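S.K.: Same order as they appear, the protein sequences are chains A and B. Counting in our numbering, the first sequence runs from 1 upward without gaps. Counting in our numbering, the second sequence runs from 1 upward without gaps.
Derived by calculation from the structure, the hints in this document are not laboratory data. Everything hinted at is true.
Some but not every residue of chain A turned toward chain B, in silico, with C-beta under 7 Å:
no.: 1; residue: LEU57
no.: 2; residue: LEU59
no.: 3; residue: TYR77
no.: 4; residue: PRO79
no.: 5; residue: LEU82
no.: 6; residue: MET88
no.: 7; residue: PRO89
no.: 8; residue: LEU98
Under the rule of at most 30 Å between Cα atoms (straight-line distance), these lysine-lysine pairs were calculated in the DSSO-like manner:
no.: 9; chain 1: A; residue 1: LYS71; chain 2: A; residue 2: LYS14
no.: 10; chain 1: B; residue 1: LYS207; chain 2: A; residue 2: LYS104
no.: 11; chain 1: B; residue 1: LYS142; chain 2: A; residue 2: LYS97
no.: 12; chain 1: A; residue 1: LYS97; chain 2: A; residue 2: LYS71
no.: 13; chain 1: B; residue 1: LYS207; chain 2: A; residue 2: LYS97
no.: 14; chain 1: A; residue 1: LYS177; chain 2: A; residue 2: LYS14
no.: 15; chain 1: A; residue 1: LYS71; chain 2: A; residue 2: LYS54
no.: 16; chain 1: A; residue 1: LYS104; chain 2: A; residue 2: LYS71
no.: 17; chain 1: A; residue 1: LYS71; chain 2: A; residue 2: LYS177
no.: 18; chain 1: A; residue 1: LYS177; chain 2: A; residue 2: LYS54
no.: 19; chain 1: B; residue 1: LYS142; chain 2: A; residue 2: LYS104
no.: 20; chain 1: A; residue 1: LYS14; chain 2: A; residue 2: LYS54
From a predicted model like this one, the values you see are computed outputs, not experimental measurements. Glycine included, C-beta positions come from ideal geometry on N, C-alpha and C.
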Amino acid sequence: MEIFVEDNVLINAKNISLHIDHRQILNNISLQIAEQQIVTLIGPNGAGKTSLVKIVLGLTRPSSGEVNLKKGLRIGYMPQRLHIDPSMPVTVDRFLKLAVNANKNEIQRVLEEVGATGLINNQLYSLSGGELQRVLLARALIQEPQLLVLDEPAQGVDVNGQAELYRLIADIRSRHKCGILLVSHDLHLVMSATDEVICLNQHVCCHGHPEQVSNDPAYLELFGKKDAETLAVYTHHHNHSHELGGEVINSEGKGISD
Amino acid sequence: MADFILRALLAGLMVAIIAGPLGCFVVWRRMSYFGDTLAHSALFGIALGLLLDINLELAVIMACMLLAVVLVMLENRRGLSTDTILGILAHSSLALGLVIISFTDNQVNLMAYLFGDLLTVSDSNLLWIGATVVIVLGVLFKNWNRLLTITLHEELAQVEGLNVLQLRLLLMMLIALIVAVSMKVVGVLLITSLLIIPPACARAFTKTPETMSAFASMVGCIAVCGGLAASWFWDTPTGPSIVVATSVLFMISRLAGIGEKS
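Build the full structure now, drawing on both the sequences and the hints.
M.R.: In C-alpha cells, the structure reads:
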C-alpha cells in the first residue's frame, strides 16, 4: 500500500469505486495530490465528495481500487463539523491539547495562525460556526501536516467569513508548504485558491484548472447555467484583482465568461 | 455503628466514586439507554449464575461484557437504529433472566436484584467491588485523554491514529463492569440513575471534563451517605433512597445553577 513512484506525490488514489447496499456511490475515481498542491472537490449534494474524502483518509474501505500514501505522510484533518454535546465542558485549549503531542507553544502558534488566540479559554460548545471552524483548522495544523484535508471548511460561516477562511487556507499552503484536499460546494469562493478542480458526481465529470473546468460542458450541465455564470463572473473578477469575495452576483458583469 | 452499615457505606462510596467519571461519559455520549440495557442484562447474568451454579458476580460481569460486545458488533450494521437494538437487547435479556430464574430451585429474592440490597453487602462482595473499582479506575486513568478524544469526534480521532473501535469497546466494558458491581448498591432498575444524575448535577458548575467527573463522584458520595442515613433513621429501602437523594441533589443543583446565571 505504501510504495511510491514519484517523490512529490502525497497521495495517489487509483480507480476508486464504492458501493453501499448495491448503490453506487463512487465510480472509478482516480485522484492525485502533489506537495503544495490545492485540489478541490466540487459537486452537488450526494455526489460522493465526503465518501471519497473518507476513503482517502482511510476511514472507509473502497469496494475496489487502491489508495497509496507517501510513506509516513502526516495528515491534518478538519472534519465537516463537530457535534459537541453541551453537556461536555471542554475549553478550546483542552481540545487542542488532546491532539497528539500538543504543547503550550504549539497551541499558541496554531491559534495565532488561524486568528483565534482570543478563544483559548472559551468553551467549545459556545463557539459560533466560524469560530469553531477556525479551532478545527488549528487542530489540523498542530502536527505540521504534509497534507491537509478540509471537508467543507466554510460550512456555517457567513459569506465574508468564507472569503477570509479561504484566504487563510491559501496562506497556510504557502507557509506550511503542504498539499491540501478541499471539499466544497461554494464553487465561486474556492476557485481563486485552487490549483486543480475535480468535479464529482459519482464519477469524475471533468477536472483541470479552475478556468478550464468552469467552461467545461459537463460542468455547466451539472451545476446548471445560472450557477456556472455566477462562477464565471467571479473568475473574471479574480483575473483582475484580489478584492473581497462577498459581492459575487453583480449586475454589471452578468453572463460574461471572460 | 453496626458493621453492616460500614460495609454498606464503603461499598456505596466506592461505586459512587467510579460512577462519577464513567457516568460523565454516559452523559457526554448519550448512552443512558445503553446503561439501562446493560443493567437489564445483569439480571440475565444472575439467572445464568444461579442456573449454572457459578459465582454470581462473575456471571453478571460476563453477561454485561457479552452484551457490550454484541452491541458494538450490531452497531456497525445498517438497518436498525442503535435505539431499537438496545430496546430489543434490554427487554429480551430481562425477560429471559426472569424466565430462567423461574426454572431454578432457589427461592430467589428478586427485589434484591431489581432494587439493590446494600445492607447485606458481605466481605466477599466488598472485595469484588473494591477490585473492580481499582481496575476500572486504573484503566480509565490510563486511557482518559484517548476516551475524551473519541467522544469529541470519532473520525478525527481515527485519522489522528487512535483505534476507535477498540476504545469504544473498552469504554463499554468499563461501564459493563461498573453496572455489574453497582447492582448490589441500587439494583438493576436504578443503576442508570447512579450513572447519569451525578454528572447532570455537576455540569452547571464545571468547566473541564476532569472537574465535572470529580464533582459527579462527590455528588454520588453525598447521595450514598444521604440514602443510607434515610434508610437508617426512617427504615426506607436503601437503593431507592440513594437514588432519591441524587434526584434531590439534582434539583438543588438546578436551582443553584439558575441562581448563578442571574
